[in-house]
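This is what each chain is made of:
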Amino acid sequence: EKMERRSNSKTPKRPPLVQHKNQTDLSAWRKGVRIDPEKSVKSHQTPINQKNDSKQDSLEQALSYFENVEDHVSLKKNSVLQESLTAVETIALQRGLPPKAFNILLNVALSGKLADTVNTRLLKSLIPASVIPETSVVSSVSWLCVSKCSDKVQMLFLKWLITVFDFIDHKEQIHALYGFFFFLLQYERMCPYACHLLYLLTRRENVKPFRIRKLLDLQAKMGMQPYLQALLSLYKFFCPELITITLPGKTKIYFKNPDGPWKAAINAVRQRNQENSAVSRPLFLSTAQAQSRKRKWNSQLIIPASSASRNILEKDRGKNSVSLFSTNESLPVEQVQTFSQLLENIHRLELPSQMGSVLTNPLLLHYMNYIKDESVHMRLYYWMSQTLQEECTWCVADNYQNEEEFKDFLESIYKAECLLQEGFSSCEEFLYRSLPLWDGSCCRSQVLRLLSWMPLRGSSEIKSRLCDPLAQLFLTSSLYFKCSVLESLKELLQNWLNCHAIHLASESDSQDHLLNTTFSGVVDTVAELIHFVGHISTVALRLENNSMLLLYFILNFYETVCDIYLRYGLPLLIMPPAGIFYPALLSMDSVNLNQLCYIMHRYRTNLVAAKENELSKKKILQFKFSSQTYQEYNQYLSAMVGCLWTSNAFQKDAHPQGLRMDDELLKKTTVHEYKTSLNIVHHPAMLGYAIHFLQQAWPDDTSFNFSLIKKWDWYLEYLYGQGLKGLKLFIESSINRVSQAS
Amino acid sequence: DPQRTAFLLRKQWTLYSVTPLYRFSDTHLKDYARLLSISIAAEKQKGLAVEVGFELDLDIKVDVSSIPDLKGSDQDHAAILVQLSSRSPASSKNSERKLIWLGCFCCVSGDDLSKNLPKDFTYLPLFLVNGAEKYTSIIGSWFQTTFDCCFHRLAISPFNLSWMAAMWTGCKVDKTASATELVFSVPRLPQPLDISYAIHPEDAKALWDTVQKTPGEITQEEVDVFMDCLYSHFHRHFKIHLSATKLVKVSTAIASAHCDGTIKFLQSKHLMGVMMLLTELAISQIE
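Order-wise, the sequence lines are chains A and B.
Take the first sequence: its position 242, counted from the start at 1, is 242 in full-length UniProt numbering, and no numbers get skipped.
Take the second sequence: its position 33, counted from the start at 1, is 33 in full-length UniProt numbering, and no numbers get skipped.
These are computed hints drawn from the structure, not numbers from a lab.
The beta-carbon is built from N, C-alpha and C at its ideal position, and this holds for glycine as well.
The following label-pair restraints were derived from C-beta to C-beta distances:
no., chain 1, residue 1, chain 2, residue 2, range
1, A, Leu475, B, Leu99, 58 to 64 Å
2, A, Gly179, B, Lys119, 40 to 46 Å
3, B, Ser137, A, Asn545, 53 to 59 Å
4, B, Glu96, A, Ser147, 54 to 60 Å
5, A, Leu420, B, Lys119, 22 to 28 Å
Chain A with its partners taken away, still in its complex shape:
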């Protein structure tokens, strides 16, 4: 049977050895889906209850028969044996066997009481419905020790054990039998299977010099055998100070799938039991990393596999010259698979030998974040900055063929940053250094996403190192690029604000004066970013002819900006420049207009809250919003009200870049009633709604006589019904007040 290499060639970064030690996907366990065996059997009884009950009975009968069976019962002559065997076989194939069955059936099959044909059939039907009790495996091993069964049955048992390894409920006692399984290596026919089993069982404490010597003897006797190589390289992985081996790059399969009948059956049973199928896979060692990819030895792009720390030869030399590790004290991180395991062992965790491997391991990232060990961060810092620097496809000449790899690398950095909710300083340094050289297309989405995790620094640094190089790219690139940049700057702003809000919450007790200096620094930097976005957006809207898509991204940014005071506790209110406000107000698209309404409503809420705080003096404000901010808001507001409600924007708009126009000029447009022609009915973004409303209210009228819409309340209800929530908030909060006041 030929097996394909299943590990995806695109992800060669997986740790080579230990990760593959699991026979099946353990994700079901991690999620806690480990189903109670009894329950899972019962839950499937409901649909065809009676039939199943009778099956249950026949299984019970068969099991009790096998439990008490006498020696040397002939299959041909004994109909009870025949029936029991058939019952076990059919039920096993249909639903799998319950845990208790394994004890009974393994006992019979390995005791040599019955003929080999029966034993074989019994072993072949050992399909688990849920889990296999560890005790049944242990007692089986004791049967092997007394050699009651034939070699053939022993072999079959080993194959079965390998296939169902991950269905065994506990493994501690089986681990204690390591020596026994190791002993099996000397039987040539069993050797490959014993190796496979040992590969699954081996922990660092099992690696002993006498075992190494035995394996080397076998190697000398049998030559290069893939199964021996695999076990030896696992030994090397745990104890590089005792043994070493370099695996040839070609070999990809180290263990053949034990060709037993169980795999398909387990699959079928699992599927029938509607669980995530968990089937044994052939084991691969992805050792061929360097060889197959033809990379240079010092090329760093391969994220190192998490491997046992090799702080070899460190201490304990006097005590014990053989075992250089104190095995009980530390736990290699690759043995940690769940969060609870991490918590239990957090005091004795041993970090990987190459810190770069934490990048793709969320558990380790959490751990790294928690321990605050300077050297851990230094190691990661050096590795990451060197890798970024040397592998950057646009900084290093002739490196373009590695773009895909570099993309993946940047991607994993981004994911790690999202997990940590924090940017890496090595990545920040890299972006600062390489942005001026970036063409804006190489690894675009990755770079832009990484930008959003740039740490908050002083405003002048942000301006010169981030804004200036970015502005050049932004203004000379496509519409799509502009939108992506705005999106990532929005993320950046949110990350900064979140980070600040957390900082504020956690340090609210600390000294005030210390906080104030950083506080004004934060305000300055955030303001710098907002002004920068305002500036480039204004220019971009001109360049892109007020593209609706672009406007959408710009207004998205301002959705965060308008709420900074209330949502993030930062005394900062910056209105969009007129170059953004007016294109949005006069947009042909109702989405943009609606968004603008929402933003103006939030500005208002923030300003009102600030004013109230100021007046009540409940809080001593370090910063006051300048009257200019209020003025600016009011100007915009009157323009909006004039445009949507009072139809006097052409007369009343006082903003220098506003809509004010001379009557003479307006007359020239030959629009009738120009004085009342720009409002919520006639606004270009609203016209579609107005027409639709007319058609519904006056189906017979075909003249599109908008003056029929007199009761605006109805019309507004209709608009709100169309999902214009921003408009609703704006009108309800701003218009009535203004109209009452004026």
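Position chain B against the provided structure of chain A, taking the given hints into account.
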């Protein structure tokens, strides 16, 4: 003691920068040597495992030693020398061995940085290699995985080469005859074209002396003026603007350096000075 560093002279060294070594310890140099020789043996017989401690008769022997003389200040860590030697085929019976590969980790006046480093780290940012790439790869990989460090080739930019040209020209050398030579490469030609510009060392020194204002101190401006003088002299004779080409190699009586990141030390008196400059370049690549 110049004797202890004499092995560096008159060999072609390939330069690497190395990030700080994590948990490297001077007390285990012998063990490192043992593990390295086993790694080489395992690499040679790919696929066959080799037990550590089984040191019967390895073809290639590794020695790791410390060179306390090779450092600039007390803060610097002593240089670490890795030597690979093989049994010479001619005299297989007696234990005479032939050096086949040399690697030297060092730090000459890299004080500022080693001060700020946590104590688990050993700072030896410059790595010099003389020998076959295949051994560099085995040994480099072993160091990378064992001490969690990164190696990168240390190229020397034309900018730094011109500094070297100026600095080395200014050094007093006892009546050597070897010329100061600058090699320029002309970019964007179908065929590679190198221009070699040789100057009598005394003439070059005379030019430099007129450029340098304060002895013992060099400024960027002086380096630029020095190079511009050389360029205009060349232009007067050959009508070629060397400023439009790329400086790829500088060789003087002190040392000879190539932009690929190789160097040959020629004068033991100025060895430490050159090493200091190279340490600085290595540091700027890793920081």
